[in-house]
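Enquirer: Read off the chains here:
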Amino acid sequence: GQNIDQPTEMTATEGAIVQINCTYQTSGFNGLFWYQQHAGEAPTFLSYNVLDGLEEKGRFSSFLSRSKGYSYLLLKELQMKDSASYLCAVRDRDYKLSFGAGTTVTVRA
Amino acid sequence: EAEVAQSPRYKITEKSQAVAFWCDPISGHATLYWYRQILGQGPELLVQFQDESVVDDSQLPKDRFSAERLKGVDSTLKIQPAELGDSAMYLCASAPVWDSNSPLHFGNGTRLTVT
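Heads up: the protein sequence lines correspond to chains A and B, in order. Residue 716 is where the first sequence starts when you use the numbering used here, and the numbers rise one by one after that. Residue 32 is where the second sequence starts when you use the numbering used here, and the numbers rise one by one after that.
Hints listed in this document are in silico derivations from the structure and should not be mistaken for laboratory results. None of the hints are false.
Think about it this way: if two alpha-carbon atoms lie no more than 25 angstroms apart in a straight line, the pair counts; the simulated SDA-like pairs of lysine to any residue are:
id : chain 1 : residue 1 : chain 2 : residue 2
1  : A       : Lys796    : B       : Met120
2  : A       : Lys772    : A       : Thr818
3  : A       : Lys783    : B       : Ser131
4  : A       : Lys772    : B       : Glu34
5  : A       : Lys772    : B       : Asp130
6  : A       : Lys796    : B       : Arg142
7  : B       : Lys93     : B       : Val145
Assemble the whole structure, with the sequences as input and the hints as a guide.
Expert: Next comes the structure, spelled out in structure tokens:
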């Protein structure tokens with residue numbers, strides 16, 4: 716099965732930077748996704764990594780190291796609306812997508 | 032932007048009753064997923080369809096849960112009988128194909144409360 720670990724909670728100040736780490740152990744690897752989920756809403760796609768390195772998309776960046784089974788999501792210039800749960804999800808050799816438990820980020824003024 | 036439609040948005044039922052959820056994926060998406068998300072946890076895959084065929088239902092509690100996608104478009108997930116532990120958000124997602132880098136697109140979910 717899959718084992719995906721990420722911190723439970725993080726708190727940061729508006730305008731600051733927060734890095735959410737994700738470590739994984741899967742049977743094969745076919746990509747890593749980050750999703751944002753506001754309370755009571757559906758997860759929405761943020762980023763995708765399949766090769767090592769950094770993918771940047773506006774205020775959000777995601778990094779992947781396949782050899783280390785490690786990824787992080789970087790949120791810059793935090794805004795109050797960024798308060799949400801951030802889910803790390805990994806596709807295994809059979810393209811099955813498994814999710815971590817999510818990291819709840821609270822942005823404070 | 033096209034969306035995945037789910038209904039109902041909320042459902043309250045008593046234990047031992049039957050309950051059903053409906054999902055209409057984005058048009059043209061061949062792959063459809065049902066996930067269950069317990070509060071404070073990540074989504075857990077229940078069943079995956081490719082067109083009308085089940086690709087993976089290894090985590091579906093088949094003694095009480097069933098899922099179908101008869102014409103390869105919309106899908107229904109049923110629970111009978113419902114148990115207290117089934118209280119969760121049931122999320123439907125779709126993707127163009129299952130073996131690509133396409134992200135899953137999620138519907139807004141059905142929040143089930145079993146009393």
